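**Student:** Letter by letter, the chains look like this.
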Amino acid sequence: MGRFISSRKTKSKIIKTLIYIFLFFISSIVIFPYLWMLLTSFKPIEEFFTYPLKWFTKNWTWIQYAGVFEDPKFVAALRNSLLVSSIVTILSLVLSIPAAYGLTRMRVIGGKSMLIGILSSQFFPPMIFFVPFYIILSKFKLLNTIPGLVFAYLSVTLPICTWMVANTFQNIPRELEEAAQVDGCGYMRTIWEVVLRMSLPGIITAGMFAYVLAWQEYIFALLYTTTSAAQTAPVVLFFYLGQHQIDYGRLMAAAVMLSLPVVVPFVFMQRYFKQGRGEGSVKG
Amino acid sequence: MLKAKLKYFRGYFFALPLLIALTLAILFPAIYNLGIAFYNYNFHSQSWEFIGFKNFAKLLHDPFFWNSFRVTLLWVIGNVSLQLILGLAIALSLNSIIHFRGPFTGILLIPWISSFVVVAILFIWIYHPQLGVLNDILLRFGIIVEPIAWLASPGLAQISLILANTWKFFPLVMITIFAGLQDVSQELVEATQVDGANWFGTFRMVIFPTILPSLSTAVLLSTIWAYNSFTLPMVMTGGGPLRATEIFGLYIYKLAFDAFDFGAAAAASLILFGQIMAIIILYLRVAEKGRK
Numbered sequence: 001m002g003r004f005i006s007s008r009k010t011k012s013k014i015i016k017t018l019i020y021i022f023l024f025f026i027s028s029i030v031i032f033p034y035l036w037m038l039l040t041s042f043k044p045i046e047e048f049f050t051y052p053l054k055w056f057t058k059n060w061t062w063i064q065y066a067g068v069f070e071d072p073k074f075v076a077a078l079r080n081s082l083l084v085s086s087i088v089t090i091l092s093l094v095l096s097i098p099a100a101y102g103l104t105r106m107r108v109i110g111g112k113s114m115l116i117g118i119l120s121s122q123f124f125p126p127m128i129f130f131v132p133f134y135i136i137l138s139k140f141k142l143l144n145t146i147p148g149l150v151f152a153y154l155s156v157t158l159p160i161c162t163w164m165v166a167n168t169f170q171n172i173p174r175e176l177e178e179a180a181q182v183d184g185c186g187y188m189r190t191i192w193e194v195v196l197r198m199s200l201p202g203i204i205t206a207g208m209f210a211y212v213l214a215w216q217e218y219i220f221a222l223l224y225t226t227t228s229a230a231q232t233a234p235v236v237l238f239f240y241l242g243q244h245q246i247d248y249g250r251l252m253a254a255a256v257m258l259s260l261p262v263v264v265p266f267v268f269m270q271r272y273f274k275q276g277r278g279e280g281s282v283k284g
Numbered sequence: 285m286l287k288a289k290l291k292y293f294r295g296y297f298f299a300l301p302l303l304i305a306l307t308l309a310i311l312f313p314a315i316y317n318l319g320i321a322f323y324n325y326n327f328h329s330q331s332w333e334f335i336g337f338k339n340f341a342k343l344l345h346d347p348f349f350w351n352s353f354r355v356t357l358l359w360v361i362g363n364v365s366l367q368l369i370l371g372l373a374i375a376l377s378l379n380s381i382i383h384f385r386g387p388f389t390g391i392l393l394i395p396w397i398s399s400f401v402v403v404a405i406l407f408i409w410i411y412h413p414q415l416g417v418l419n420d421i422l423l424r425f426g427i428i429v430e431p432i433a434w435l436a437s438p439g440l441a442q443i444s445l446i447l448a449n450t451w452k453f454f455p456l457v458m459i460t461i462f463a464g465l466q467d468v469s470q471e472l473v474e475a476t477q478v479d480g481a482n483w484f485g486t487f488r489m490v491i492f493p494t495i496l497p498s499l500s501t502a503v504l505l506s507t508i509w510a511y512n513s514f515t516l517p518m519v520m521t522g523g524g525p526l527r528a529t530e531i532f533g534l535y536i537y538k539l540a541f542d543a544f545d546f547g548a549a550a551a552a553s554l555i556l557f558g559q560i561m562a563i564i565i566l567y568l569r570v571a572e573k574g575r576k
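Line order of the protein sequences matches chains A and B.
End of the first sequence = 284 in the working numbering, gap-free, step of one.
End of the second sequence = 576 in the working numbering, gap-free, step of one.
Quick caveat, the hints were computed from the structure, so don't treat them as lab data.
Computed from a prediction, not measured in an experiment: that's the story for all the values here.
There's no promise every hint is true.
Computed, partial: chain A to chain B, Cβ under 7 angstroms [said to hold, decoys possible]:
no.	residue
1	L23
2	F25
3	S27
4	P98
5	G102
6	V108
7	F123
8	P125
9	I128
10	F130
11	L154
12	S155
13	Q216
14	F266
For glycine and all other residues, C-beta sits at the position ideal for the given N, C-alpha and C.
Model the full structure from these sequences, guided by the hints.
**Tutor:** Pasting the structure below:
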């Protein structure tokens, strides 16, 4: 009996070790391409084409990044990306916060179904908007403009933003709000002091989500911008690829810069992901 | 009386700006698209002509439509099954460890938040015949003798793209199942173990039934995202070689912006939409049955 237990113990210890090895292996596969991208973006161009590949370099250089910043097209694209993402984030929050408040905390008829309806539009394939957006934008002379892109992006960010803010609002006990009113807080002040302040982390998360979605958006930017007046960074990156002689160094440096602004929000968003965003978004 | 009733609609007053924006940016374009599907657009005279169901009939007679139908089906099945297997295995592993759970989860979520274009560029490069790191590793370990052009032949390109997309999307499946695993009753697990059940027995009797709702949610989400894909094939292969990776998104894109056949593109997007709706309805049916 004693031997049986100890053999079972060693067996479970081996399994535990194997699980750690498995996770370590998968994590390495995931992280490796990013490390590789980062390492390569600091390599001098001659070392790209040596074969077999050199994984590390002795000659660190900023030259690829300098090259990217000397390209006016990419600088303009970065500026456009920043502008579009910021406007989309602000508009998404300004529109979704009052709506989420009205639909979750004011005892409305059909508020819940309305929210589910709003969220379900998130699953519309972007392809059903390809043609109508094109026609609408060209009618209003909004092709190749920042407002045109903002309009298209709102169709992506508004549903998910509203849903996320509504979810955080629902977690605040109603008694708190009532207590504040009993204590003599005015209506707007209650909203401000109790609801908004308590759900600030959730609101920030929703805003960052909108920001990241807009920052990475590629499809609509490809379809509706053809000049550098409104072209965003992902599209310019795509055109780097289409060149006859692909400049891998510049491509990698540009890719690193496209990824960086996502890293910081991610640290904040991770908390939300861990609660299982996919679960919450459909279960309702 | 009226005033008392109005109270229950006051919330909509707050929601009004959002509802207007959603109508303009989503509802109206979607309905507009529905209308366009029944018209023919003449690009030269810039005029529209009502043609009824002719756009749909044209699609059904287009061999490239059926090609992308097949390619999309393969794409969806490949992606969903791979993501499910990988996501489930990793979620179970994460759930059974105590140390380093946070760092592992953080790293494993990175692909999901990465930009599609960056992922596509990384994989173009990983798969590159001469400069690619995949061939480099395989050659170093002697698994292959000659470099392979991963994106150059139809079958290989399909598999390579599915693998890249799985790499991008498995975190969504993983995190959804992981959330479901938190509902598994530890007492029930221990009870079955005392009764002498092995790991598979416990999984079949306790874990699987508990996580079934999140499993089906994960399958639904990854199916929808697979149908809605566009960027990875667009950037990595452009639908080639020989249209082997031309999923619906790319087919619709080419109809609309290469051929400028707006009507047919709208019709094709509705067919895609219909497939997704069918899957959601199927899911709701199954979920309803599970609840009874």
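**Student:** With chain B as the partner, please determine if L23(A) meets the hint condition of a C-beta pair closer than 7 angstroms.
**Tutor:** Where the cut-off is 7 angstroms and the nearest Cβ of chain B is about 5 angstroms from L23(A), the hint holds.
**Student:** Taking the closest Cβ pair, is V108(A) under 7 angstroms from chain B?
**Tutor:** 3 angstroms, holds
**Student:** So, as I understand it, the hint says P125(A) touches chain B; can you test that by seeing if any CB pair is closer than 7 angstroms?
**Tutor:** Where the cut-off is 7 angstroms and the nearest Cβ of chain B is about 5 angstroms from P125(A), the hint holds.
**Student:** Min Cβ distance, F266(A) to chain B: is it shorter than 7 angstroms?
**Tutor:** This hint holds: F266(A) lies near chain B, its Cβ roughly 5 angstroms from the closest one there, short of 7 angstroms.
**Student:** Given I128(A) was flagged as interface, is its beta-carbon under 7 angstroms from a beta-carbon of chain B?
**Tutor:** Holds, because the Cβ-Cβ distance from I128(A) to chain B comes to roughly 4 angstroms (cut-off 7 angstroms).
**Student:** With 7 angstroms as the cut and Cβ atoms as the points, is P98(A) at the interface with chain B?
**Tutor:** Constraint on P98(A) satisfied, holds at 4 angstroms.
**Student:** Grab the minimum C-beta distance from G102(A) to chain B and call the hint holds if it beats 7 angstroms, violated otherwise.
**Tutor:** Constraint on G102(A) satisfied, holds at 3 angstroms.
**Student:** Identify whether the interface hint at Q216(A) stands, where standing means a beta carbon of chain B within less than 7 angstroms of its own.
**Tutor:** Given a least distance of 4 angstroms, the restraint on Q216(A) holds.
**Student:** Does the CB of S155(A) sit less than 7 angstroms away from some CB of chain B?
**Tutor:** 4 angstroms, holds
**Student:** Taking 7 angstroms as the limit, does the beta-carbon of F123(A) come near enough to a beta-carbon in chain B?
**Tutor:** 5 angstroms, holds
**Student:** Take the shortest C-beta to C-beta distance between L154(A) and chain B; is it under 7 angstroms?
**Tutor:** Since chain B brings a Cβ to about 5 angstroms from L154(A), closer than 7 angstroms, the hint holds.
**Student:** The hint names S27(A) as touching chain B; please verify it with the least Cβ-Cβ distance against 7 angstroms.
**Tutor:** With a minimum Cβ separation of about 5 angstroms from chain B (threshold 7 angstroms), the hint on S27(A) holds.
Hint compliance for this structure: hint 2 alone is broken.
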